[in-house]
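In order, the protein sequences belong to chains A and B. In this text, residue positions in the first sequence follow my numbering: the first is 1, and each later residue adds one. In this text, residue positions in the second sequence follow my numbering: the first is 1, and each later residue adds one.
Calculated from the structure, these hints are not laboratory results. Be aware that one or more of the hints could be misleading.
[Stated by the list, open to error] Only part of the chain B face toward chain A is listed, based on derived beta-carbon distances under 7 Å:
no.: 1; residue: K16
no.: 2; residue: D43
no.: 3; residue: Y50
C-beta atoms are modelled at their ideal positions from N, C-alpha and C, and glycine is treated no differently.
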Amino acid sequence: MNSLIVRRILRGEVASAARLMRDLDDEIPSARAALRELYARAGRAHIIGITGPPGAGKSTLADRLVEAARKAGKAVGVVAVDPTSPFSGGAVLGDRIRMQRHATDEKVFIRSLAARGSVGGLSRSVFDTVTMLDAMGKDLIILETAGVGQDGVKVAGAAHTVLVVMSPGQGDDVQALKAGILEIGDIYVINKCDHKDSEQLARSLGLALEGAAPRDGWTTPILKTEALSGKGTAELLKVVYEHRRALDGAGAWERRSLNMARSAFMELLETGLRGFINEECEHGAECRKLFGALASRKTDPYSAAKTTLRKLLKKSPPAPLSKRGDNPSFRKGGRRGI
Amino acid sequence: MNKNFCRKNFFRRKAKKIRVLIAKPGLDGHDRGAKVVVRALRDAGMEVIYTGIRQTPEAIAGAAVQEGVDFVGLSCLSGAHNHLFARVVRLLRKKGAANIAVFAGGIIPAADIPGLKKAGIKEIFPPGASTRDITQWVLRTAQ
Ligand SMILES: Nc1nc2c(ncn2[C@@H]2O[C@H](COP(=O)(O)OP(=O)(O)O)[C@@H](O)[C@H]2O)c(=O)[nH]1
Ligand SMILES: [Mg+2]
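Assemble the whole structure, with the sequences as input and the hints as a guide.
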């Protein structure tokens, strides 16, 4: 039996869903019980990641993909992530401005998220929000993250199909190609093809991708779009569907879904552990003693980290895991303490 | 080792943030003022969603509900504020989001203020109001 909030969300009550997303983003522990119920119902949506440098046209392209998918009668979710200012902790979330014409469409749910200090802009709440949209029955979920260098790579662990968007006139485009982004794209998009330099960009991208081995029965295509006018965007969605069929044909859909589940799990585990470690080293007297020993060269960082890690792993688990008893193997460790 | 340590919730980092949606209903296309407010709220540590100019009350309310914001800030210079602002409040209530507080700015004659407040607009900032006034009010009201 589902809880009231989950029933409301599954009934399609947008306000309830939005509030739960908010609580998850704010890390309210009680929200996780509802998410657990929704998680069991998710796993059907096709998740499309869009990454690329700021200003390449990702949001405008997302708007066009929503348009094309809606014409085909699909329900669509969009999660757009923007960076958090390291100075104020605030953020301007400006992706929605390009998609606002869908705001009154009941079959479209757009959510803007701030990265809130996560590496690569993929916080737990990104995974949680995608899970919720999935459980709510969205056929397609578009996940936009601004990717520069290594940051953009993370989206590959959160999507079935990754679009890497570039546009001409963004300075040294070879720079963008070097930073690992060449390996993660399932489809490359040269946007702003109304610009005269787009041919040049397409050529150098083509050269860089030349000879890349097909993956999951799929050779990465380079598509040209003009997101502003819409030219080429309906074709782009067709190619996205083709990619899905290729994955299905190669038995790779399940593999990707598994990889995505793994990424979300690892993100959670790492955040939890990092919190555990930070807490220990901020408040633990043992650690403070250790810092002194390190500063006076009585021990070295490797040995110190090794002993501390060993002790930490014997400790009780973080409260939210142990209290609800949803992880018995963790509980067995008991309260031995250091 | 202290038991307190083990009781702590390590998945929580005092993460609560104020979320605000800034929108411009009506037909005027001047959004410099709105953008200044967007930046001021961001600098005060808030997450601010900007929807751009010429928004219908329906699109504003739809976006505010989906985004799960605490506040909607409306700015209008075209003179149609009485009707547009009140409609946003009504739509939010209809969508089950009466908890979202609506505030407004722009060129609003003093005579209109009582009516707007009665319609559910929580605060109205006259043209002379500083961004500091607005951020302070939002921070205070959010508590
Ligand atoms: N000329 C041209 N401009 C575009 C095109 N697509 C997007 N833009 C513009 O590029 C700017 C950045 O677009 P946006 O979608 O916000 O980029 P993002 O930062 O990658 O999400 C906006 O001013 C868009 O209007 C296009 O195909 N041609
Ligand atoms: Mg964008």
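Results for each hint:
no., hint, in the structure
1, K16, "holds (5 Å)"
2, D43, "holds (5 Å)"
3, Y50, "holds (6 Å)"
Comparing the model with each numbered hint stated earlier shows that all of them hold.
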